[in-house]
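4 protein chains.
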Amino acid sequence: MYKYEETIKFYHTDAAGGLFFANLFLIAHDCYEKLLYKMGLKISDILDRKEYLIPIVHAEADYRIPIKVGEIIEVILNAELTGNSSFTLNFTFNKKNGKVAAQVKTVHAVVDFNSKKGMPIPENIKKILQNL
Amino acid sequence: MYKYEETIKFYHTDAAGGLFFANLFLIAHDCYEKLLYKMGLKISDILDRKEYLIPIVHAEADYRIPIKVGEIIEVILNAELTGNSSFTLNFTFNKKNGKVAAQVKTVHAVVDFNSKKGMPIPENIKKILQNL
Amino acid sequence: MYKYEETIKFYHTDAAGGLFFANLFLIAHDCYEKLLYKMGLKISDILDRKEYLIPIVHAEADYRIPIKVGEIIEVILNAELTGNSSFTLNFTFNKKNGKVAAQVKTVHAVVDFNSKKGMPIPENIKKILQNL
Amino acid sequence: MYKYEETIKFYHTDAAGGLFFANLFLIAHDCYEKLLYKMGLKISDILDRKEYLIPIVHAEADYRIPIKVGEIIEVILNAELTGNSSFTLNFTFNKKNGKVAAQVKTVHAVVDFNSKKGMPIPENIKKILQNL
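Chains as they are written, first to last, in the numbering used here: chain D, 1 to 132; chain A, 1 to 132; chain Z, 1 to 132; chain Y, 1 to 132.
Each hint should be verified, as a subset may be incorrect.
All copies of an identical chain are treated as equivalent in the list; a pair is satisfied when it fits inside any one copy or across any two copies.
[As the list claims (entries may be wrong)] With a Cα cut of at most 27 Å, we get these calculated DSS-like pairs of lysine-lysine:
{"id": "1", "residue 1": "Lys116", "residue 2": "Lys42"}
{"id": "2", "residue 1": "Lys42", "residue 2": "Lys99"}
{"id": "3", "residue 1": "Lys3", "residue 2": "Lys34"}
{"id": "4", "residue 1": "Lys127", "residue 2": "Lys99"}
{"id": "5", "residue 1": "Lys50", "residue 2": "Lys3"}
For the record, the hints were derived by calculation from the structure and aren't laboratory data.
Model the full structure from these sequences, guided by the hints.
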């Protein structure tokens with residue numbers, strides 16, 4: 001489990017007055033990035049090394065309670081190793097009052113940078129996910 | 001069925017070189033907006049009238065083939081009336097060569113502006129979706 | 001002077017590999033929001049109260065050094081009361097090595113919510129800016 | 001002069017109800033991209049060839065009239081060759097009633113892909129800008 005906190009920014013909102021639905025995925029991805037940084041893995045290094053990429057092959061979100069600008073949201077991230085070359089991240093977005101506002105799931109596939117074919121999850125990433 | 005075309009913009013991309021996954025939802029939502037406009041319904045009118053809102057309660061996407069900046073994507077939108085107060089939109093994103101690059105599904109719930117409780121889909125929207 | 005720190009997120013980047021130029025303004029605006037929160041002023045309250053709005057009437061940025069995903073940027077914010085009903089914010093974006101990567105200036109006008117005409121800067125905001 | 005039209009999308013707006021100021025730059029950049037495509041130059045080709053990049057070194061915007069979701073905006077783009085290795089784009093955003101809603105200026109510098117040093121504007125781009 002990894003905990004992360006984000007204050008909903010004005011640029012996350014839309015004219016209906018709250019968080020724009022697609023921007024929930026931005027916050028989820030940022031949480032994932034912060035986990036990698038904390039574990040010493042930089043996205044810029046992955047991109048520079050050109051060994052593998054980890055594209056998202058599926059993403060989904062359930063929205064339960066509207067979220068407004070300025071609200072502090074706690075994100076709880078859990079990981080599942082769902083295959084040899086893919087993993088799933090589950091994010092729960094909690095409001096300050098403890099209520100679940102939304103949930104996100106993303107499925108990530110590890111592919112060889114050149115062939116774009118599936119390859120085993122790199123050991124350092126596997127370790128991060130297993131020890132979460 | 002409603003057809004819509006979008007050229008992937010530079011601001012839809014990320015440092016991995018292609019479309020940022022969350023931005024697929026932006027394009028899907030824009031397609032939905034364009035359908036409403038074509039049918040004479042303006043989002044700004046919905047917001048100004050303060051009678052109802054149509055928040056997205058679920059969204060999901062499957063990514064099959066990477067999409068790059070400048071690619072012209074054809075989006076095919078189909079609708080399902082999935083309940084008295086909710087509907088589902090299915091978007092298929094085709095490349096110029098006819099291959100399916102991605103798919104998106106969004107579930108929309110109609111709620112009363114003030115009470116935020118579910119209410120029947122307004123007739124004009126129901127008609128748009130039924131005649132698609 | 002107000003200090004703020006941001007790690008460049010993946011969703012801030014574009015296919016050229018670094019921060020997308022327009023997203024520098026997102027970070028500047030978020031810095032401004034964080035200052036207001038720290039001083040006890042919530043944007044959602046301003047929007048809910050419907051007394052005034054503070055639209056940005058001018059924005060500009062100078063980009064000196066490319067910024068990559070994952071870089072930690074320190075933002076220094078200074079304010080100028082440039083008129084009875086407007087103020088200017090100056091943001092300097094520093095890299096960890098102390099080098100100035102970019103600068104942003106935004107000009108904000110206070111307008112009456114209904115008439116949309118200029119009105120004096122509210123006292124609480126004036127105080128925040130004067131004591132910066 | 002190059003003319004381009006854009007309908008303000010829901011994802012361009014913020015909780016104040018209209019276009020989020022920074023998103024005006026997205027629309028300006030998209031207009032520039034569309035000009036390049038029309039002239040046969042693809043951004044993805046520029047990125048793939050790795051000969052040069054054209055980073056934006058300065059950007060500014062003046063906002064005169066609020067812009068709402070669903071509004072159709074006509075963008076007029078003019079170019080100036082402001083140096084051997086840089087050029088300036090001026091965008092005027094007109095409402096349907098002919099009123100100028102906003103203006104944007106972006107300054108672009110051509111740099112060698114590897115050294116990141118300034119280099120002369122490539123001939124094909126120079127021609128596009130001169131014949132505008």
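Hints breached by this structure: 4 and 5
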